[in-house]
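> Take the sequences, apply the hints, and build the full model.
Chains as they are written, first to last, in the working numbering: chain X, 46 to 342; chain P, 1066 to 1415.
Everything labelled a hint here was simulated from the structure, so no lab data went into it.
All the pointers check out, no bait thrown in.
Some chain P residues close to chain X (C-beta under 7 Å, calculated; not the full set):
no. : residue
1   : Val-1069
2   : Gly-1162
3   : Thr-1163
4   : Leu-1166
5   : Gln-1170
6   : Ser-1171
Pairwise CB distance ranges (calculated):
no. : chain 1 : residue 1 : chain 2 : residue 2 : range
7   : P       : Phe-1225  : X       : Lys-171   : 33 to 41 Å
8   : X       : Pro-261   : P       : Arg-1247  : 44 to 52 Å
9   : P       : Leu-1244  : X       : Arg-61    : 17 to 25 Å
10  : X       : Gly-100   : P       : Trp-1071  : 29 to 37 Å
11  : X       : Gly-100   : P       : Thr-1390  : 38 to 46 Å
12  : P       : Asn-1176  : X       : Ser-204   : 25 to 33 Å
13  : X       : Arg-60    : P       : Tyr-1316  : 46 to 54 Å
14  : X       : Pro-261   : P       : Thr-1079  : 56 to 64 Å
15  : P       : Trp-1202  : X       : Arg-61    : 56 to 64 Å
16  : P       : Leu-1274  : X       : Glu-158   : 51 to 59 Å
17  : X       : Glu-194   : P       : Trp-1269  : 55 to 63 Å
Cβ atoms here follow ideal geometry from the backbone N, Cα and C, with glycine treated the same way.
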Amino acid sequence: MSSVIRAAGLGKRYRRRWALTDCSLDIPAGHVTALVGPNGAGKTTLLQLAVGLLGPSAGSIEVLGERPAIDRAQLGRVGFVAQETPTYSGLSVADHLEFGARLNPSWDRAFAEDRIARLELDPKQKAGRLSGGQRAQLALTLAIAKRPELLILDEPVASLDPLARREFLKGLMEVVAEHGVSVVLSSHLVSDLERVCDHLVVLVDSRVQLDGEIEPLLASHRRLTGPRRDARRFPANQQVIESSHTDRQSALLVRTDEPILDPAWTVEPVSLEDMVLGYMGRGEHTNAGGPRAVEVA
Amino acid sequence: MTWVSWRQFRTQATTATIGLAALAVLITITGVHLAHVYNATVRPCRTSVGGCGTATMQFLQTYKFLQVALPFLLLVTPALIGIFWGAPLVARELEAGTHRLAWSQSVTRSNWLLVKLAVVGLGSAAVTGLAVLLVAWWTSPIARLSGNRFMPNDFGENGFVPVAYAVFAFALGVVCGLLIRRTLPAMAATLVGFIGVRIATTFWVRPHLMTPLHKTVAILAANGWGFGPDPSGHGIRFFAQAPDIANAWVYSASVVDQAGHSITSQFIQQACPAIAAPVTSNLPGQHVARSASPSAFRDCVARIASVYHLNTVYQPAGRFWIFQTLESAVFLGFALALCGVAVWWVRKAS
Chain X
46 MSSVIRAAGL GKRYRRRWAL TDCSLDIPAG HVTALVGPNG AGKTTLLQLA
96 VGLLGPSAGS IEVLGERPAI DRAQLGRVGF VAQETPTYSG LSVADHLEFG
146 ARLNPSWDRA FAEDRIARLE LDPKQKAGRL SGGQRAQLAL TLAIAKRPEL
196 LILDEPVASL DPLARREFLK GLMEVVAEHG VSVVLSSHLV SDLERVCDHL
246 VVLVDSRVQL DGEIEPLLAS HRRLTGPRRD ARRFPANQQV IESSHTDRQS
296 ALLVRTDEPI LDPAWTVEPV SLEDMVLGYM GRGEHTNAGG PRAVEVA
Chain P
1066 MTWVSWRQFR TQATTATIGL AALAVLITIT GVHLAHVYNA TVRPCRTSVG
1116 GCGTATMQFL QTYKFLQVAL PFLLLVTPAL IGIFWGAPLV ARELEAGTHR
1166 LAWSQSVTRS NWLLVKLAVV GLGSAAVTGL AVLLVAWWTS PIARLSGNRF
1216 MPNDFGENGF VPVAYAVFAF ALGVVCGLLI RRTLPAMAAT LVGFIGVRIA
1266 TTFWVRPHLM TPLHKTVAIL AANGWGFGPD PSGHGIRFFA QAPDIANAWV
1316 YSASVVDQAG HSITSQFIQQ ACPAIAAPVT SNLPGQHVAR SASPSAFRDC
1366 VARIASVYHL NTVYQPAGRF WIFQTLESAV FLGFALALCG VAVWWVRKAS
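This is the structure:
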């Protein structure tokens, strides 16, 4: 299967701070991929590298097999909804559709107008007077109506209330179902993505900690609780992702493809949130002394 | 992209059109009256015996405020364009984050910027050009009276240089906005930068655009002469007033010999012992020299005139349009270079 984003040793430095280091990943086409990580992990940097708003300081990135934003054709194949879903506050909804139509040869006018009508947005309304949810929907409409092969969304629902969040993700899923577009979207909240994504990339402290399809990942992770024990004394086929100990008990998140045979452990399956939080916690431990990356818009 | 640039520029273009329309109304109403006053006062006096002194004074009292304000408007228009059209062009997008929307459409960034530069740049040139034409028509009766258009302000308020200034100010604003990324500081930087470049060009570039002409006249043909204390404090200096060169831009008028050496105070002391005694008066000009008999003064001047002559360095009035063209080329060159910087800057994904 072909990849939508392929990065090798990718890094981005702002003056002396690395916002992303040695990032290698391969996101396959035909998936809805969640890019998850705490604030400041480098998600925005990675996505902006993918749409060519930033250029890499190290390594390389290819999007749909080409360098990002290399020419009009490449730009036309990628739809992007930036963080905080920027729109021109002085232009009306209809102006935005015209903007999209003039700037994208592959613009689907009927789709855009139909979607705006279904969202019950007034075409004459100025974008500056829309609610956050409506503005996000307008930005999403612009990104979809250019008929991209890949849709990249940077924290599209972060500033939305729960209802608008659900509406937005529902709209996104309809489009994916209808047009079969690949999607990469970032969030620092796992709960947003649980229902919509089938592929996962966890980015912590500017490094990729976990990368793969969600179902097999969940199947290979276990939560173990039992009497206190040193994490170093585990079979080699069990990788301890996270551990917490009280005086008597140890609770572990392990990754293994083998069954857990030790009867001392209570074995439970993990939720997506548990698994991701386990990796986020690990990132903090392993890189505690290193320089903290900053979120750069 | 042209539609997009135009749509984003529409509000500013409307404001400018309203401003120009208001200016046109004001200029038509007052201009007709001004021309009428000119025809009633100055024109008939030209053929009369008494000369035009009183009539000219009377005429120049008409719309005294506008006579200052309208040319001033041309002086500030380029700066306003740089501040309000140039600086926000990209800075406002960067500030609001909308560049991320614009730069993810199927248009390369350099194309996006080039079209914006072209649309708003042409708008800047058009608005300034129209304002220049309106004001030039209004001031035409006044221009007939004075005529020297090389004075620093007059030069920048006439001809087509204001258009070149406006295009330059616009490009400067765009680059400031790109580099500073904040609209307000970019506006301030544009203003400071524009004023700086205008002053520097006026005083250090414009005089060197063309090699000046030299006009040599005999001392006795000068408009007047006299003696005064040398600025160094030692000895005495000889002055001669340059002859009138119609509406020329006179750089200097100096008393030199055949080899081009300036007159020395030693020569004056030898030639004019009666005059060149230690000077007690500090008054400058023609009455400073120690009192000598008129014949001694005449003899002295004659002796100087036998060795020295008066050399005037100047640009003739006929070069006004050449200077306008050259200075416009300088500013349009700056503007082009700035546009190049801007395109290069948005192209490199930083």
